[in-house]
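S.K.: Given next are the chains, with one letter for each unit.
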Amino acid sequence: MVDTTAPHPTSGIAGLRPDELETPPLSLGQLTWRRFRQHKMAIFGSITLLLIILYAFGGMLVFSEAESNAVETGARLQAPTRQHPFGTDTIGRDILARTIYGGQISILIGLTAMLVELIIGVTVGAVAGYFGGKLDSLLMRFTEAVLVIPQIFLLLVMAKYFAQSIPNVRFLGRTFSGSVLVIIFVIGLTTWPYLARIVRAQFLSVKENDYILAARAVGTPTWEIIVRHILPNSIAPIIVSATLSVAAAITLEAYISFLGLGVRPPTATWGNMLEGAYNYVESAWWLWFFPGLLIALTVLSINFLGDGLRDAIDPHSRAV
Amino acid sequence: MADRILEVKDLRTRFHIAEGTVYAVNGISFHLEDGETIAIVGESGCGKSVTMLSILRLLPIPPAEITSGQALYLGRDLFRLSEREMEQIRGKEIAMVFQDPMTSLNPVLTIGRQIGETLRVHLGLDKEAIHQRAIGLLDQVGIPDPAHRLNDYPHQFSGGQRQRAMIAMALACLPSILIADEPTTALDVTIQAQIVELIQRLKEQLSMAVIWITHDLGVVAEMAERVLVMYAGFIVEEARVDELYEDPRHPYTMALLAALPRIDRRRDKHLRSIPGAPPNLLVAPKGCPFAPRCELAFDRCWDEMPPLFQLGPDRRAACWVDVTTGKPF
Chain A
1191 MVDTTAPHPT
1201 SGIAGLRPDE
1211 LETPPLSLGQ
1221 LTWRRFRQHK
1231 MAIFGSITLL
1241 LIILYAFGGM
1251 LVFSEAESNA
1261 VETGARLQAP
1271 TRQHPFGTDT
1281 IGRDILARTI
1291 YGGQISILIG
1301 LTAMLVELII
1311 GVTVGAVAGY
1321 FGGKLDSLLM
1331 RFTEAVLVIP
1341 QIFLLLVMAK
1351 YFAQSIPNVR
1361 FLGRTFSGSV
1371 LVIIFVIGLT
1381 TWPYLARIVR
1391 AQFLSVKEND
1401 YILAARAVGT
1411 PTWEIIVRHI
1421 LPNSIAPIIV
1431 SATLSVAAAI
1441 TLEAYISFLG
1451 LGVRPPTATW
1461 GNMLEGAYNY
1471 VESAWWLWFF
1481 PGLLIALTVL
1491 SINFLGDGLR
1501 DAIDPHSRAV
Chain B
7 MADRILEVKD
17 LRTRFHIAEG
27 TVYAVNGISF
37 HLEDGETIAI
47 VGESGCGKSV
57 TMLSILRLLP
67 IPPAEITSGQ
77 ALYLGRDLFR
87 LSEREMEQIR
97 GKEIAMVFQD
107 PMTSLNPVLT
117 IGRQIGETLR
127 VHLGLDKEAI
137 HQRAIGLLDQ
147 VGIPDPAHRL
157 NDYPHQFSGG
167 QRQRAMIAMA
177 LACLPSILIA
187 DEPTTALDVT
197 IQAQIVELIQ
207 RLKEQLSMAV
217 IWITHDLGVV
227 AEMAERVLVM
237 YAGFIVEEAR
247 VDELYEDPRH
257 PYTMALLAAL
267 PRIDRRRDKH
277 LRSIPGAPPN
287 LLVAPKGCPF
297 APRCELAFDR
307 CWDEMPPLFQ
317 LGPDRRAACW
327 VDVTTGKPF
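Protein chains in written order, with the working numbering: chain A, 1191 to 1510; chain B, 7 to 335.
These aren't lab readings, by the way, just hints derived from the structure by calculation.
A virtual CB, placed ideally from N, CA and C, is assigned to each residue, including glycine.
Treat the hints with caution; some may be incorrect.
As the list claims (entries may be wrong) - One-sided excerpt, in silico: chain A residues whose CB lies under 7 Å from chain B:
(1) HIS1229
(2) LYS1230
(3) ASP1400
(4) ALA1404
(5) ALA1407
(6) VAL1408
(7) GLY1409
(8) THR1410
(9) TRP1413
(10) HIS1419
(11) ALA1426
(12) PRO1427
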């Protein structure tokens, strides 16, 4: 006789109910996060970036904008003291307060210039890559035409040409000089060709997939194929490129402002704070050290973040 | 005739590529009746899929070019419709299931969203209605626990399940024609049988017409009422399925049948293969394309392409030779 009354096991694998046997799969977001957090430099970059953003935007609560622009001729070129921890500049403005307000502008310029670049670059790249043929040739020749003009030269000419033509705007409770908008558009308008090429290359390869044919076979309209089917499959290099272009935009802004063609004083940016420091490289190191350090840290952090993002969301292109 | 849901006349499709012009489809005509299943058989590269993609206007133009022909769907010529009108036909009136389910689903969208897409595009339903319909469709194609699986991504589905999901996508709007482009080729044998059975059952339930593209003559016998045999972009024979097996009238069809393993044949005999390879479609067709591989070919076959002789109702063959005697007509 076989004993059929063996007790039902209550522990171990056999004791699990069917729904406990299955481990819920990781979502796409969880997988990405798991890869991202293994990238130590990216974590370092993210934390530093967060602190810098906190510094620039949290600092608003401590100093008013008026304080950052307040001229105190009696306290010109003071080395860091308790009253002015980062020292004062050539006309006696507090450098700490100016790095805070300048940081806001620099970061906002970086982000919005990236948005401008993203909108133009993705549109041009997507249209060229998807439709191909004559439209593609036309758009790519135009893109190359923009690329062959030395970027810095184009930036300077555009900055000079448009400098006075845009009125001031109010945003986030602050008044921005029109030159900020000019810089944003100038940077956006000169950097999109790189992104357009990346997007076009992605579209060219993704559109050949069977699932695009299958989507067309159920009657999905063309623009939905582009936006809902191809774009999500091309998003990884776009995100990475966009991240890195924030850093590039901040550097470019610093460059133009340093040459005196960027954002007009009194509005501070990290870039135009360096402009005045040029003549005091040896005698007043605090003039260039603090804004320079912030630019370097920000750009470095964003680049680390970009590297980490690439490894996390685009495993195929992982740098060896 | 009124009950002809699809009628293709003298379809010619070419591809202009760097090496020259590929003559992919060379003037084929056929029709499909309402609720009927036809099969199109032939070797790889004989123009079966290109014919279907031409009809649905899914070929990239250029390099493809449809140089002549009509595709009348309920009397409307699909080749004369605007792209927008065509989008409303695809998926709603004529749906297609593709060969490889592993690559035919978008990897970044959930199964639910992809099935819902057909419904959203054509019926404009709201989210909740789409969700309910999608559950019903997945259930109908035999996916267990459909409500839960809608949120899965394609990689969480097996090959057979993906093909079922593809079928659900194709059938979402109750099309009147389903084009199945070798839907079982990429699946293993037991799953193949299930998919064939599934499409057969759904065809009965939804009273669709089906165009089944395959190179598996075994599946044809099970599914189709009428068979078109294609070779090098031509239809070389058309017959009702039983006639085709018992009384083939084209040497190519005979060769295909001789290459088929049969359970009632002596096992010590090797299967017969067709010598040679399909012709190079880069050369403009002259004479019968099968002549180089044909045992019955004579002078005329090399010079002149035989027309499709009408041999009876639904019975056509393009051959200069009477295959029953082996001599020219």
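S.K.: Now look at each hint and say whether the structure bears it out.
M.R.: Each hint tested on the structure:
1. HIS1229: Where the cut-off is 7 Å and the nearest Cβ of chain B is about 22 Å from HIS1229(A), the hint is violated.
2. LYS1230: violated (28 Å)
3. ASP1400: Constraint on ASP1400(A) satisfied, holds at 4 Å.
4. ALA1404: holds (4 Å)
5. ALA1407: holds (4 Å)
6. VAL1408: Hint holds; VAL1408(A) Cβ to chain B Cβ min 3 Å, cut 7 Å.
7. GLY1409: OK, holds: GLY1409(A) within 7 Å of chain B, min 4 Å.
8. THR1410: For THR1410(A), the interface hint holds, since the closest Cβ of chain B sits about 6 Å away, which is under 7 Å.
9. TRP1413: Because about 11 Å separates TRP1413(A) from the closest Cβ in chain B, which is outside the 7 Å limit, the hint is violated.
10. HIS1419: Cβ of HIS1419(A) sits 6 Å from chain B, so the hint holds.
11. ALA1426: violated (10 Å)
12. PRO1427: For PRO1427(A), the interface hint is violated, since the closest Cβ of chain B sits about 14 Å away, which is over 7 Å.
Of the numbered hints given earlier, the model fails hints 1, 2, 9, 11 and 12; all others are met.
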